[in-house]
Amino acid sequence: MSVRRKRCKNVLIRLAVKARGSEVQKTMAKYTKRRDKRGYEWKSAYREKEALMLERGYPEVSPHDFYRELFPAGSLQQEPEDGKGNIIATQIRPSGKGRTRQWVIDDSLKMLDKVIGDRFGLIPPISFYGKSHTKENAHELFAVVVDVDYVGKQQLKNLLKQFGNGVQLRPTYLVSSGKGVHLYYFLQEPVQLYRNREEVLAELKEAFIRRLWNDTSSIRPDSPDITGIYQGFRCVGSQSKLGVDFPVKAYKLSENRYTLEDIKASIPSCKVDLAPLYEKPRRKSTVTLEEAKELYPEWYEKRIVQGEPKQKSKKQGGTWVCNK
Numbered sequence: 000m001s002v003r004r005k006r007c008k009n010v011l012i013r014l015a016v017k018a019r020g021s022e023v024q025k026t027m028a029k030y031t032k033r034r035d036k037r038g039y040e041w042k043s044a045y046r047e048k049e050a051l052m053l054e055r056g057y058p059e060v061s062p063h064d065f066y067r068e069l070f071p072a073g074s075l076q077q078e079p080e081d082g083k084g085n086i087i088a089t090q091i092r093p094s095g096k097g098r099t100r101q102w103v104i105d106d107s108l109k110m111l112d113k114v115i116g117d118r119f120g121l122i123p124p125i126s127f128y129g130k131s132h133t134k135e136n137a138h139e140l141f142a143v144v145v146d147v148d149y150v151g152k153q154q155l156k157n158l159l160k161q162f163g164n165g166v167q168l169r170p171t172y173l174v175s176s177g178k179g180v181h182l183y184y185f186l187q188e189p190v191q192l193y194r195n196r197e198e199v200l201a202e203l204k205e206a207f208i209r210r211l212w213n214d215t216s217s218i219r220p221d222s223p224d225i226t227g228i229y230q231g232f233r234c235v236g237s238q239s240k241l242g243v244d245f246p247v248k249a250y251k252l253s254e255n256r257y258t259l260e261d262i263k264a265s266i267p268s269c270k271v272d273l274a275p276l277y278e279k280p281r282r283k284s285t286v287t288l289e290e291a292k293e294l295y296p297e298w299y300e301k302r303i304v305q306g307e308p309k310q311k312s313k314k315q316g317g318t319w320v321c322n323k
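Each residue of the sequence shown is one higher than the last, beginning at 0 in numbering that gives the first Met the number 0.
What the hints contain is simulated information worked out from the structure, not anything from laboratory work.
In this text, a Cβ means the ideal position worked out from N, Cα and C, and glycines have one as well.
Everything hinted at is true.
Below 25 Å or equal to it, Euclidean Cα-Cα: the simulated PhoX-like pairs (lysine-lysine) are: (1) Lys-109 to Lys-130; (2) Lys-160 to Lys-251; (3) Lys-251 to Lys-156; (4) Lys-156 to Lys-42; (5) Lys-134 to Lys-279.
Derived CB-CB ranges, DEER-like: (6) Ser-268 to Glu-300: 51 to 57 Å; (7) Thr-215 to Ser-107: 37 to 43 Å; (8) Ala-274 to Lys-240: 37 to 43 Å; (9) Arg-98 to Glu-135: 18 to 24 Å.
With these hints in hand, go ahead and build the complete structure from the sequences.
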């Protein structure tokens, strides 16, 4: 075979392989796309899941009753400066169609109606200081919530079976959010969200998500949505992604309230160390030693120059520390 003919043959082989690869990619893309349902199929699945929950005897709970149980009476602010936090509800607006708004909901829950029925309202299972949903303002965590998406009727059946036989930890509430479900695990006592606890809580929640989101609970088990501890979830009573006729609904599965140890124990071979959750947080001042020398000369003389041991403040119940 001549060199020229050999080169032509190699070119033809490469083109054939490339064409074949393109066909394979198209086939895989088509297969991946069909692993999800079409819009009308999800709407049908929503109705099927709704019927299944009622058939199994799980009562639907109103938005007000759901949030009252999540945030018990007296757990939120009743009077200004009473040391308690509030719910921060967020209304998301599509780009160019109005600004995002945040509503402060106190212990009366009166402002809850601002997001019930809304197109896109979010409420995290957290109380906040201030008027905005930021991790700096986060005060207490009232529930661990796992979002499992792409849940059809069969996947919901699988979850309910696993909750019943103890394979998975039974949630307090199951919230039907449209294409998926939000599993709410109410806590026995709210967890204060000190910054030194953030990493541990995030690790525990990720392990819990990976435990619950699997090939029996989701059509797309390889795409778990790892949400953080400050994540907001569609408000019960607001619209789901499927539209106004498909609201987010809450169904009560148990009276159970859990500890973080209970959640860890439900995850086989979980290696998350919860010890940092029990360490007393250390509050630090942003005042430098040079600034403290001018601002607090007596303190500087005793503590820094003379090296006297620190003393507990009677007024504050603790001490503050300068950054060097």
